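**Student:** Given only the sequences and the hints, what does the whole structure look like? Please build it.
Under numbering that gives the first Met the number 0, the sequence shown has 29 at position 30, and the numbering climbs by one with no breaks.
These are calculated hints, taken from the structure and not from any lab test.
Hints may contain errors.
Derived lysine-lysine pairs resembling BS3-like cross-links, with alpha carbons at most 27 Å apart [to be verified]:
| no. | residue 1 | residue 2 |
| --- | --- | --- |
| 1 | 16 | 59 |
| 2 | 42 | 16 |
| 3 | 59 | 42 |
The structure presented is a predicted model; accordingly, all values stated were derived computationally and were not measured.
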Amino acid sequence: MIDTYSFSRVSRNQYDKFGAITEFLAGYGLGVDADVERFVVAKSQDQIIACGGLAGNILKSIAIDPVLHG
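**Tutor:** Set out below in structure tokens:
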């Protein structure tokens, strides 16, 4: 079986999507620093499976669903 993933960029001001990201991160004991400008989000079947924040050229708040760990 082949899994299909979709990737998107989410800005901090996209409040309707940002809430789901903060919930996903909270499940891994992570928060969002004030300087994070946007997130790259990976989804499978409309569920967030991974995300990472960008603060300038620094990666922050990176989480991946444990099922996908190699």
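**Student:** Compare the structure with each hint and give your call.
**Tutor:** Quick rundown of the hints versus the structure:
1. Using a Cα cut-off of 27 Å, the hinted pair residue 16 and residue 59 holds, with the two alpha carbons roughly 18 Å apart.
2. At most 27 Å may separate the alpha-carbon atoms for a hinted pair to count; residue 42 and residue 16 meet this at roughly 12 Å.
3. Taking the CA atoms of residue 59 and residue 42, the gap is near 18 Å; set against the 27 Å cutoff, the hint holds.
Violated hints are absent here; each numbered hint is respected by the structure.
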